[in-house]
Amino acid sequence: MHERDASALIDRDVVERTLGVALARGGDFAEVFAEDRAGVTARLDDGRVEELSSGRSRGVGIRVVRGETTGFAHTADCSAAGLAAAAVAAAAAATESGGAGRIAALPDRPVGPGPRAGVLPGTVAKDAKVALLERADAAARARSGSIRQVSAAYADGRRRILVANSDGVFAEDDQVRTRFTVTCVAEGDTGLHTGTESPGRTVGFELFDDVDPEEVARVAADRALALLRARPAPSGRLPVVLKRGAGGVLFHEACGHGLEADLVRRDSSVFRGRVGEMVASPLVTLVDDGTYGREWGTFAIDDEGTPARRNVLIDQGVLTDYIWDLVRARAAGRPSSGNGRRETYRHLPMVRMTNTYLVAGADDPSDIIADTEHGLYCAALGGGQVNTATGDFVFGVTEAYLIEHGEITEPVRAAQLIGNGPETLCLVDAVGNDFDTWAGTCGKDGQGVPVSAGQPTLRVAELTVGGTAS
Amino acid sequence: MSEAAPDLEAVVAAIADRAAPGEQVEAYANHSVETDVKVHGGAVEELTVAESGGVGVRVVVDGRLGYAWVGSLAPDLVAGVLDEARDNARFAAPDPHNDLPTAADAVGVDVASLDLWRDECITVPTTEKVALALALERIAAGLDPRVRGVESVHYGDAAARSAVASSLGVRASSRRTVSSCSVSALAGEGDGTRTGSGFSVGRTLADLDPDRAARDAVTRATRLLGAAPVTSRRVPVVFDPLVTRSLLGILGAAVNGEAMNKGRSMFLGRLDQPVAAASVTLVDDPTDARASGAAPYDAEGIPTRRNPLITDGVLCGVLHNTATARRAGVATTGSAVRAGYASPPGVGARALALAPGPRSPDEILRIAGDAFFVQSVSGLHSGTNPVSGDLSLGAEGLLIRDGELADPVRGVTIASTVPRMLLDVVAVGSDLTWLPGAAAGLTLLVGEMALSGA
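Protein chains in written order, with our numbering: chain Z, 1 to 470; chain Y, 471 to 924.
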């Protein structure tokens with residue numbers, strides 16, 4: 001128990017000394033964040049394994065908070081001297097002068113779960129990774145003669161982190177993620193069309209116990225093939241039914257970002273000052289859950305050492321809480337919700353979502369469609385964007401069909417959907433009893449972090465569909 | 471933290487010199503020193519000072535390509551990268567086009583003499599950078615009583631150097647500084663809140679114009695007050711220079727040699743054919759020092775040059791790096807780009823610009839008559855299909871009535887296809903503006919698009 005952990009990224013005494021240097025000139029809070037990441041990417045294109053790439057990055061970010069000001073410095077030099085130099089730089093950025101800040105004692109060794117991946121990617125031969133790509137290529141081409149191009153990518157990453165701060169946190173995590181992507185281009189009378197499928201989870205190579213590369217390829221191919229027969233998307237306000245898993249990104253954009261405490265504090269959220277109010281249809285219960293299964297946004301501790309948590313944000317339409325990181329939570333005199341994340345050690349943490357999902361309801365998905373006279377059925381979305389200050393959001397639909405007289409009929413071409421967050425939340429008028437998730441990268445202030453979004457099949461009574469059909 | 475800058479030329483040459491017989495080795499290294507300031511409410515919110523660097527190595531053996539990188543310039547970590555890249559090469563399929571560039575690929579092109587470095591970017595005290603950010607916030611907050619807050623203010627600069635060396639004799643290095651500030655203003659209350667942003671870019675602090683950035687942000691936020699969706703219609707569209715800049719990014723992807731080789735471009739098979747109105751001339755010129763992306767060498771050490779892409783409406787050029795050029799049976803255009811040391815070279819534009827036309831933005835509004843002025847778009851990534859050219863974007867801006875900006879509009883989409891829009895270009899503005907990123911902007915009038923609204 002008191003033995004030094006041979007795998008610790010930095011020795012405990014070096015961490016303590018660095019925190020001491022960071023607070024030597026004053027300050028309320030200091031943190032050392034060390035990260036060691038390694039990953040492999042393999043790409044197949046045009047029937048050939050084009051390249052295999054592997055990389056390694058290791059470094060430390062140090063921040064010092066004094067009052068409202070955060071000073072930050074990072075270094076790839078993980079020696080005691082390198083850390084001390086970065087600590088001096090962070091302290092100089094944050095503080096003028098004053099007495100030394102207080103540092104709480106650290107535990108003897110970092111607290112953390114250790115690696116949780118079943119099969120660490122580093123233990124798998126590279127040719128096994130390459131073989132997955134070739135299987136996907138063959139399966140996509142076998143789907144139809146109209147499939148002209150297939151590209152596939154395998155990516156794995158292991159990210160070991162260690163966080164220590166002047167409040168006595170000393171924690172570590174070992175995060176392993178694996179993702180598989182297939183993109184197909186189909187050619188027909190209407191030109192070239194693209195379909196993509198890209199499952200990813202916070203697991204090692206055992207991802208492929210659940211995810212069949214051939215099936216991923218078929219989904220991507222079928223998405224491209226459907227577009228060959230697609231007609232222009234409708235234009236104007238329509239009821240929109242979102243297939244399970246496909247529409248989670250809508251809630252990520254429509255309200256998730258607006259519930260991030262840093263944006264709320266900056267007065268750039270339409271949800272500011274609305275906790276306790278009805279902000280959504282009573283059918284809406286929205287959760288952000290960093291502990292959820294082994295989804296793409298799952299971890300044991302966030303990048304500030306706070307254990308991941310399940311946070312209910314909207315409970316049957318009532319706004320219950322925002323999501324928080326350490327700095328914003330300290331200022332508000334409350335605990336962090338485990339949502340302090342950063343892309344790498346070179347970035348400052350900020351409030352970020354993890355796995356954000358809308359909880360399943362009672363309706364049979366087929367009834368929701370049957371109950372829709374004329375509308376749009378969205379089976380896949382391509383990502384979105386929101387202006388949190390106004391709540392206006394967009395998201396791209398990459399696979400969609402018309403609903404006519406309660407039945408899914410013809411495919412339509414890609415189009416943008418737009419709406420306003422608070423307005424759209426109130427327009428949810430049917431929530432299904434099924435559920436699925438979607439993995440993606442969420443960008444904010446130039447930092448990308450892995451997230452997932454999930455939802456049951458549901459209907460929004462009205463959204464603006466940006467098609468070209470008159 | 472700023473010690474003596476590492477000798478990147480020596481780092482990459484040492485790796486290239488280790489090439490075994492029958493093996494091609496290329497090393498790329500970069501290093502940058504950065505300052506980043508965010509202020510809020512009259513106080514510094516975040517101040518970051520940082521130095522970072524890394525190395526990426528490309529190896530080709532028997533036409534098989536392997537790549538490996540490390541996010542550090544520490545000799546013990548750099549030492550292992552070449553072997554890792556060699557190992558990775560064993561698993562790739564052989565391709566005779568995978569030869570690395572040689573000195574012969576650079577013959578006939580003079581290296582542009584570009585002055586992209588200002589010592590001041592590093593030597594100016596951090597306190598002055600903080601002072602500029604605080605001043606920017608103060609100016610934006612005080613310009614108009616309808617501004618109720620400043621959402622964010624940012625100052626950032628970077629002094630970046632890079633070097634490439636290969637076992638085939640390529641040796642190139644370059645350095646540049648960039649400095650920028652930006653501000654986002656909030657106008658109005660509650661549901662009526664509108665936002666607008668402004669910025670300024672240069673090579674060092676002294677180049678920046680915080681007054682202009684503040685004025686742009688405040689104008690853009692306040693002129694949208696009271697914005698509402700309008701009914702769906704087909705309408706001519708005038709694009710703000712910032713939006714035109716973003717749209718040029720889509721064209722940059724369409725003239726990408728890799729996309730062309732793989733049949734993933736909306737311009738496939740259209741070389742030497744008219745693809746746009748005759749008023750459209752598009753060039754990628756990284757040797758223009760005004761461009762943020764200006765550089766004397768591309769990411770594999772080949773000299774950059776001016777590449778005409780569309781001339782008087784006719785598609786006349788495609789961008790290539792060495793590998794995509796060999797595959798297409800042409801010569802590289804010096805257009806290799808990298809996202810950093812962590813990825814091998816791809817193909818991309820660095821300094822796209824439309825040739826400016828004769829008309830001022832005001833004249834273009836007058837010609838447009840009744841139209842929609844698009845101030846900003848959203849969903850550019852999810853709403854564009856680079857293969858089919860389908861385009862559908864969220865938009866906000868103002869209706870143009872009788873040649874003047876009139877009612878503010880939000881909550882609508884505009885849709886068309888990129889090929890259609892190019893043919894429908896009615897007027898190109900004279901207001902060429904160099905902006906952050908790989909393209910310049912100007913005011914652009916496009917004949918007709920589908921607007922979806924209330």
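The hints are simulated quantities; they were obtained by calculation from the structure and are not laboratory data. Bear in mind the structure is a predicted one, so any value in this text is a computation, not a measurement. Where is the CB? At the ideal position from N, CA and C, for every residue including glycine. Hints are supplied without guarantee of correctness; some may be wrong.
[What the hints assert, rightly or not] Simulated restraints, written as ranges between beta carbons of each label pair:
#1 Z:436 x Y:590: 41 to 47 Å
#2 Z:128 x Y:701: 35 to 41 Å
#3 Y:550 x Z:332: 31 to 37 Å
#4 Z:17 x Y:778: 26 to 32 Å
#5 Y:573 x Z:436: 39 to 45 Å
#6 Y:641 x Z:128: 37 to 43 Å
#7 Y:660 x Z:332: 53 to 59 Å
#8 Z:277 x Y:605: 35 to 41 Å
#9 Z:144 x Y:596: 58 to 64 Å
Here is how each hint holds up against the structure:
Here the CB-CB span from residue 436 of chain Z to residue 590 of chain Y is close to 54 Å, at odds with the stated 41 to 47 Å. Distance hint check: the CB atoms of residue 128 of chain Z and residue 701 of chain Y are about 57 Å apart, inconsistent with the given range 35 to 41 Å. Evaluation of the 31 to 37 Å hint for residue 550 of chain Y and residue 332 of chain Z yields a failure: the beta carbon distance comes to about 46 Å. The hinted range of 26 to 32 Å is not satisfied by residue 17 of chain Z and residue 778 of chain Y, whose Cβ atoms lie roughly 59 Å apart.
One distance hint, 39 to 45 Å for the beta-carbon pair residue 573 of chain Y and residue 436 of chain Z, is violated here, with the actual separation near 54 Å. In this structure, residue 641 of chain Y and residue 128 of chain Z meet the distance hint of 37 to 43 Å, their C-beta atoms being roughly 39 Å apart. For the hinted restraint 53 to 59 Å between residue 660 of chain Y and residue 332 of chain Z, the CB-CB distance of approximately 22 Å leaves it violated. Between residue 277 of chain Z and residue 605 of chain Y the beta carbon distance is about 38 Å. The supplied range of 35 to 41 Å therefore holds.
A beta carbon spacing of about 59 Å between residue 144 of chain Z and residue 596 of chain Y agrees with the range 58 to 64 Å that was offered as a hint.
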